[in-house]
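*Asks:* Residue strings, one per chain:
Number of protein chains: 4
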Amino acid sequence: MTDKFREECGIFGIFGHAEAANLTYLGLYALQHRGQESVGISTSDGHRLRQHKAMGYVADAFDEDALKHLVGTSAIGHVRYSTAGESGLRNAQPIQIDCAHGEIAVGHNGNLVNAEELRNALVQQGSIFQTTSDTEVLLHLYARSKAATPDEALVEAIQQAQGAFSLVLLTRDRLIAARDPHGFRPLTIGRLGDAYIVCSETCALDLIDATWVRDVEPGEVLIISAAGVKSIKPFARAQRAHCVFEHVYFARPDSYVFGQSVNEVRTAFGRQLAKEQPADADVVVPVPDSGVCAATGYAFAAGVPLQMGLIRNHYVGRTFIEPQQSIRHFGVRVKLNPVKSILAGKRVVLVDDSLVRGTTSRKIVKMVRAAGATEVHVRISCPPTVSPCFYGVDTPQRAELIAATHSLEEVRKYIEADSLGYLSLDGLLAAAGPDRSSYCTSCYTGEYPVAFPRNEAAYLQLALKLVK
Amino acid sequence: MTDKFREECGIFGIFGHAEAANLTYLGLYALQHRGQESVGISTSDGHRLRQHKAMGYVADAFDEDALKHLVGTSAIGHVRYSTAGESGLRNAQPIQIDCAHGEIAVGHNGNLVNAEELRNALVQQGSIFQTTSDTEVLLHLYARSKAATPDEALVEAIQQAQGAFSLVLLTRDRLIAARDPHGFRPLTIGRLGDAYIVCSETCALDLIDATWVRDVEPGEVLIISAAGVKSIKPFARAQRAHCVFEHVYFARPDSYVFGQSVNEVRTAFGRQLAKEQPADADVVVPVPDSGVCAATGYAFAAGVPLQMGLIRNHYVGRTFIEPQQSIRHFGVRVKLNPVKSILAGKRVVLVDDSLVRGTTSRKIVKMVRAAGATEVHVRISCPPTVSPCFYGVDTPQRAELIAATHSLEEVRKYIEADSLGYLSLDGLLAAAGPDRSSYCTSCYTGEYPVAFPRNEAAYLQLALKLVK
Amino acid sequence: MTDKFREECGIFGIFGHAEAANLTYLGLYALQHRGQESVGISTSDGHRLRQHKAMGYVADAFDEDALKHLVGTSAIGHVRYSTAGESGLRNAQPIQIDCAHGEIAVGHNGNLVNAEELRNALVQQGSIFQTTSDTEVLLHLYARSKAATPDEALVEAIQQAQGAFSLVLLTRDRLIAARDPHGFRPLTIGRLGDAYIVCSETCALDLIDATWVRDVEPGEVLIISAAGVKSIKPFARAQRAHCVFEHVYFARPDSYVFGQSVNEVRTAFGRQLAKEQPADADVVVPVPDSGVCAATGYAFAAGVPLQMGLIRNHYVGRTFIEPQQSIRHFGVRVKLNPVKSILAGKRVVLVDDSLVRGTTSRKIVKMVRAAGATEVHVRISCPPTVSPCFYGVDTPQRAELIAATHSLEEVRKYIEADSLGYLSLDGLLAAAGPDRSSYCTSCYTGEYPVAFPRNEAAYLQLALKLVK
Amino acid sequence: MTDKFREECGIFGIFGHAEAANLTYLGLYALQHRGQESVGISTSDGHRLRQHKAMGYVADAFDEDALKHLVGTSAIGHVRYSTAGESGLRNAQPIQIDCAHGEIAVGHNGNLVNAEELRNALVQQGSIFQTTSDTEVLLHLYARSKAATPDEALVEAIQQAQGAFSLVLLTRDRLIAARDPHGFRPLTIGRLGDAYIVCSETCALDLIDATWVRDVEPGEVLIISAAGVKSIKPFARAQRAHCVFEHVYFARPDSYVFGQSVNEVRTAFGRQLAKEQPADADVVVPVPDSGVCAATGYAFAAGVPLQMGLIRNHYVGRTFIEPQQSIRHFGVRVKLNPVKSILAGKRVVLVDDSLVRGTTSRKIVKMVRAAGATEVHVRISCPPTVSPCFYGVDTPQRAELIAATHSLEEVRKYIEADSLGYLSLDGLLAAAGPDRSSYCTSCYTGEYPVAFPRNEAAYLQLALKLVK
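Chains as they are written, first to last, in our numbering: chain A, 1 to 468; chain B, 1 to 468; chain C, 1 to 468; chain D, 1 to 468.
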């Protein structure tokens with residue numbers, strides 16, 4: 001299903017392990033859901049950095065030769081959605097450079113809201129940009145810093161960044177992790193024997209059998225070297241603004257993010273949704289895979305049986321040849337298939353995690369009805385998404401968000417559901433953990449924790465330019 | 001998970017459609033779960049046959065060029081597990097030949113138990129064999145038939161076959177479907193406008209929006225031509241012997257096979273299993289994807305909540321680079337990840353559809369326990385598999401079937417479960433539909449509906465020779 | 001340059017070497033010029049045969065894995081031009097089968113003129129054909145033979161073939177080589193230590209450092225086994241009919257075929273051509289690579305300097321993207337580039353080995369003139385090709401042979417040369433070695449040594465059918 | 001043959017043509033001999049730049065999709081030898097950036113001897129380097145220039161470069177070509193209709209049917225825009241130092257470089273060599289392809305017949321599987337095959353263009369002798385190469401240059417020739433055109449026209465670092 005917000009990146013770093021590149025490869029494989037179009041790993045052997053980047057899935061992009069080449073005991077890696085076409089590999093991360101402070105590589109999850117201002121200022125000072133990524137700005141700030149030590153230079157650079165950033169950086173002899181003071185995007189710490197690991201989600205720790213330690217704190221810069229771990233907090237304290245959409249959709253259910261089990265939070269969303277938006281129905285059916293947790297909670301709370309009435313097809317190739325004779329709901333049908341024996345004659349509650357443009361939901365509802373459902377009640381386990389995200393998420397502009405421009409009833413009509421119910425913001429935050437003030441909910445409210453210095457139109461124009 | 005019986009083939013045929021090749025491609029895509037290693041399509045334009053075969057997934061093996069080349073309004077297609085190495089493409093189907101009765105192509109799901117006898121006799125008469133497949137025998141019998149018409153020749157050939165066969169055949173001007181008199185493997189009929197379709201499962205009809213008509217009956221030969229459909233029943237009536245494992249594991253849950261909804265039957269297995277093998281537990285967790293339906297039924301009947309405590313990773317590449325430092329349960333872990341928040345501190349009922357060697361189950365149980373489960377109760381939604389299948393299923397020999405050589409308690413100990421319970425044969429058949437006598441259950445009973453003319457050792461020696 | 005007759009196959013066989021597959025791979029690499037579109041190797045380990053076939057160049061189609069899989073101490077291999085599209089790999093050789101006499105594989109260079117008759121008869125007896133190749137006929141004859149021993153069966157089969165055939169065959173314990181009684185196509189014998197080798201040209205022996213022994217004689221069947229080498233001559237003595245075009249164009253200049261050095265014969269053609277068709281010119285320029293030997297001879301005999309005025313581009317990919325703005329002579333220009341400093345202001349003798357349709361020659365002449373040549377005198381080192389070949393060469397039908405339908409002056413005008421001269425048949429034969437009666441010259445004379453049982457139209461219709 | 005100096009790059013640029021990308025692709029194809037491992041094209045549509053880079057041959061690396069994406073009427077392209085492994089694509093050119101003066105892309109043939117000094121200074125000022133290429137330095141100088149206009153900034157940047165550089169640069173609305181004041185590497189100008197072209201050799205003009213205008217002059221900067229062509233000469237006049245090795249080996253024989261026909265110069269080398277180093281021989285045989293021109297001249301001047309006694313194999317794949325049983329001269333044999341009928345019993349003059357380490361020559365001499373040559377007289381059409389090149393050529397360090405460390409007689413013994421003769425420096429320069437003082441001959445003399453600021457050891461250490 002492509003009608004979703006898209007997480008833009010997953011990051012991983014490891015320090016002090018003989019198989020640094022190989023474990024980074026596995027960690028990125030576990031984070032594959034956070035970015036599926038390009039992947040890169042940089043390693044350090046204590047003297048110099050090496051790198052391999054490629055388009056495609058982790059398991060395809062790296063073979064034994066590529067990993068063997070990446071010698072060293074420390075490494076960082078990055079998966080991302082890349083923009084289409086020629087700029088793809090150019091913008092893949094880590095970005096790796098040489099400068100006055102030595103070689104450095106960086107992987108970034110997030111988005112700097114003042115990137116354009118910083119870039120313009122740097123360009124005026126004679127800097128050259130080889131990518132269209134906001135991340136390159138940080139490297140220029142680092143390179144130009146007159147600070148006495150690389151660590152100080154790095155802190156100085158990071159301090160100038162505004163917006164959302166979870167970062168892993170690699171130098172000859174250091175692994176650095178940093179997180180913006182609001183903590184928009186997740187970043188967590190683990191250990192494997194003597195080695196240190198930082199990564200976007202705990203599922204990457206699980207795959208390599210590492211132990212979870214704690215999250216990198218918002219506003220914290222961790223410098224990991226042979227001398228040990230140094231924690232710096234160079235930012236003024238700020239209100240936490242964890243992206244609640246990580247719990248709604250982005251993160252893997254077996255991960256813990258922002259200290260909460262994603263599965264538990266997501267299931268709680270479903271339970272709360274059942275209370276707020278009950279439906280007189282025979283069966284609860286999730287839109288797989290993302291709707292499964294919430295549907296489980298919904299079914300449990302509603303006392304209505306959960307059934308896998310839609311099955312996801314996992315053999316989908318990248319391109320699919322469509323017949324000339326049009327097949328109804330073809331685009332959805334090759335990815336999801338309805339189970340008639342579950343749906344036929346039933347009043348169905350269809351649980352999905354979110355609804356963005358509504359185009360896919362409309363096709364699914366039609367397909368479910370064509371499979372014999374007598375009623376289709378759509379339940380969405382988060383509030384209506386009415387505002388774009390400027391903190392590292394790939395969202396359409398406001399005009400394309402159906403809930404921003406249509407009333408609930410209009411949306412219901414458009415997707416041809418018998419009823420439509422969203423989880424309330426209050427319900428969402430109540431279910432998301434003890435501290436409801438720790439979340440960013442700007443996509444539901446339009447209230448942005450970090451001021452975005454331009455209006456949306458200007459930003460989108462910029463984005464267009466950046467995409468190139 | 002590779003520790004499963006494996007269906008060996010899926011077949012599809014269409015007659016009288018302008019996009020015959022393209023729809024066959026889609027049909028095979030829907031049947032991909034029945035064979036993932038080679039794929040082939042033959043088409044007829046009324047004058048001659050064309051063919052494309054390749055290794056790999058349907059969506060990768062056929063591009064627009066390949067489909068464009070396959071002109072014609074009738075087509076058959078085949079997906080299969082191929083044997084490794086050099087014989088791969090050689091044994092891919094359809095097998096397409098020219099003979100005295102003209103060109104013909106055949107796709108076969110099943111296994112002829114008298115293939116070796118027929119082959120030996122044919123070889124003595126001067127026939128040459130280019131594949132190691134039992135299917136080629138049928139073509140020789142057809143070619144050598146002195147019957148007056150190709151239709152009669154075909155019937156004459158098929159009559160000599162013993163064992164399991166669901167067949168699609170294509171000649172210049174005919175699509176033929178045939179099913180052995182026991183009806184071991186499924187084969188069903190659909191229509192799309194004026195076109196006729198035959199295929200292994202109804203899910204292939206659904207994808208192309210075709211209408212289901214009925215099953216090809218056991219012992220029926222259907223000859224579809226411009227003159228219409230002719231049904232011939234050249235076999236003596238025989239006891240039905242539908243492969244119950246289609247319901248247990250092979251078929252897609254959204255299909256109907258042998259007239260029953262797979263999802264309904266599979267869910268009923270779970271319900272029955274809960275009655276027969278209850279467990280004092282906190283959560284029911286399916287081994288995905290194959291255990292989901294039964295787990296749903298189990299949870300419902302047991303009144304215990306169903307939770308997706310194991311998540312399947314869908315980015316798995318064909319080869320995976322393992323680190324030198326051993327990671328516990330690595331082989332299972334890259335495919336399944338445990339959700340700690342569901343499993344930790346819980347008494348877990350783990351529902352799987354079948355248990356063959358036990359090796360994978362053992363790893364899963366360990367992994368679930370490592371994720372914090374306090375008890376792990378394994379429930380299998382079919383009886384112990386104690387005998388190999390000779391009717392078109394890839395099974396290990398008896399010595400490798402753990403239930404054939406170990407007591408229930410020994411198996412439980414091996415997989416390190418707190419308890420282990422199988423569905424009874426009676427329970428299985430009761431849940432499988434109104435006519436319990438219509439099923440083949442030889443893998444659970446060792447009672448074979450069609451006498452297998454050699455002992456197992458000889459057969460396996462033969463299989464070895466056939467594999468070449 | 002594609003406007004050439006095309007040799008259709010190269011063959012290689014080895015018996016009694018620990019690295020049979022690897023040496024076959026190298027031998028085929030040396031024979032790559034005889035067929036560049038598909039390649040295959042069969043090996044025997046004394047018990048059973050293995051095979052790998054693929055489309056493309058030898059060096060691309062076989063990697064270490066493929067060779068490692070081909071265990072055994074005897075092997076045969078084959079390179080060929082395949083027909084385009086779906087039938088490609090299906091018709092690739094060796095064809096490998098199992099039959100009453102055991103497993104056998106065959107590689108064939110040549111063409112059986114009575115293949116259709118034999119095939120029709122076999123089909124009437126119930127044989128099935130999986131390829132559209134005439135070679136499969138031989139295997140059926142072998143399989144059906146009631147002879148007491150495989151060797152006798154093989155001889156019996158080969159005796160029924162008419163036309164051109166140089167064959168390598170491999171059974172469990174034998175390597176067999178056979179050549180038709182006229183000896184149309186080359187086949188020669190070598191040794192490497194204790195191992196025996198048979199192959200199309202001696203250049204394959206040279207690459208693997210093997211020693212040349214002698215040619216397989218026309219009409220000879222060689223059976224090589226652990227018991228030694230047995231020579232059988234089962235055919236009535238026939239007039240030799242070595243394909244003179246092997247010396248004109250097909251064979252590599254460093255090979256010996258039919259007992260003569262190709263380079264020497266080809267150079268002698270050039271010398272003779274200079275005598276017969278002198279030109280008042282400043283420079284002799286070969287059309288590379290095939291015209292180089294003859295041009296060398298021509299230049300020497302004419303006392304005119306030889307210069308490489310046309311250079312062949314060796315980076316040509318399979319497909320080339322042509323600009324929309326037409327570039328003059330683009331098709332030739334990407335393959336050949338004229339050297340202005342050699343051509344400008346010069347009277348040029350352009351030496352090519354043969355001229356089939358004239359289309360490419362016309363482009364080359366224009367390009368040479370555009371490069372500044374004041375006169376272009378085309379000299380062809382063989383007589384006008386006026387008849388198609390039915391003995392294993394890919395030739396256009398008569399109507400497309402420009403010399404068959406146009407006078408010398410018309411051809412000259414068409415290719416826009418200032419003069420055009422062919423080598424005479426007498427001159428060709430005089431230069432081709434001591435025994436001028438030993439050659440087939442049917443493409444120059446229309447006199448066919450083996451009666452072709454149908455008229456050309458029927459044959460071409462057949463060919464069309466065979467191509468499928 | 002790998003034992004050669006290697007040209008490192010070919011460049012091409014076009015301004016004002018509707019098919020800019022496609023013609024650049026063709027131009028690079030014609031320049032493929034100057035770099036075969038990576039290729040890139042940047043285009044401008046007047047507003048922004050686009051780029052595609054890839055590893056491999058031009059014809060493989062660009063398909064229609066890639067070209068279609070490269071919209072615009074101006075373009076530059078680059079082919080190069082890349083270093084192995086991970087740094088490959090990272091260092092591919094054109095390098096394309098955004099800076100205060102706008103977007104710019106650059107392709108460079110040559111080597112800046114003061115790159116390290118410039119880089120160190122830039123790094124101190126805060127510049128970051130994403131490649132290890134000296135070319136990136138130029139972009140930083142451009143970006144940092146405070147000059148009033150981009151054109152002035154560009155001139156300012158280029159003025160700081162020392163060493164060898166032929167450059168093409170592309171901005172939004174300009175194509176710039178520049179050549180160092182010594183004119184080490186070639187760069188020439190052509191026109192195609194109204195479009196302007198700059199490229200390394202005239203053969204690129206020939207392929208696209210463009211007209212040659214003149215060379216870019218040493219020290220000239222050409223700025224081509226919609227306003228026309230502006231020529232600037234910002235450098236102090238310097239002694240010309242055209243790389244004579246372009247005539248010896250690098251350039252294609254059908255090109256004109258430095259105003260001379262490569263073929264004519266190269267043939268003149270051969271004639272002069274025959275005068276200086278005669279040999280009592282039966283046949284002159286070139287080492288193909290590079291020795292052909294000189295051999296032609298040698299044969300003509302010596303009155304000894306030229307014969308193609310070594311034939312180059314053009315099907316060589318990138319990797320070749322060698323048998324375990326060692327085959328004599330295998331590495332050379334798969335690339336070159338000796339023609340026994342030419343070599344056997346003959347006194348052979350073997351003409352090659354240059355001799356670097358001697359390892360390949362040694363194998364060739366042995367192979368020629370094994371083919372029956374009674375005497376092998378090696379003649380090299382340039383002087384002994386005794387010094388590495390620092391001006392854009394990939395040469396081994398001095399210690400590996402056999403002529404730098406061994407006497408003539410020692411080299412002769414090593415390569416096992418009966419005699420060995422080099423062309424004298426005087427003879428070389430006499431044959432290279434009217435102005436012998438216009439050439440750089442540092443590889444023969446060790447006299448470097450541009451002072452190299454470090455000693456060789458330091459440079460090679462640097463190169464090692466640069467390669468990363």
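Take these hints with a grain of salt, some might be off.
If chains are identical, the list can't say which one is meant, so a pair holds when it fits in one copy or spans any two.
Subject to a maximum C-alpha distance of 27 Å in a straight line, what follows is the list of computed DSSO-like cross-link-like pairs (lysine-lysine) [to be verified]: (1) LYS68 x LYS335; (2) LYS4 x LYS335; (3) LYS146 x LYS335; (4) LYS146 x LYS275; (5) LYS68 x LYS146.
Keep in mind the hints are simulated off the structure, nothing from the lab.
Predicted model only: the values in this text are computed from it and were never measured.
*Asks:* Against each hint, give a clear statement of whether it holds in the structure.
*Replies:* Taking the hints in turn, this is what the structure says about them:
Proximity of LYS68 and LYS335 under a CA criterion of 27 Å is satisfied inter-copy only: 24 Å between copies versus 36 Å inside one chain copy. Both within a single protomer and between protomers do LYS4 and LYS335 lie at most 27 Å apart by alpha-carbon distance, with minima of 15 Å and 25 Å respectively. Proximity of LYS146 and LYS335 under a CA criterion of 27 Å is satisfied in neither setting, with 54 Å inside one chain copy and 48 Å between copies. For the identical chains of this complex, LYS146 and LYS275 are neighbours neither inside a copy (58 Å) nor across copies (66 Å), given an alpha-carbon limit of 27 Å.
Taking the shortest Cα distances, LYS68 and LYS146 never come within 27 Å of each other, neither inside one copy (37 Å) nor across copies (45 Å).
In summary, the structure is inconsistent with hints 3, 4 and 5 from the numbered list given earlier, while agreeing with the others.
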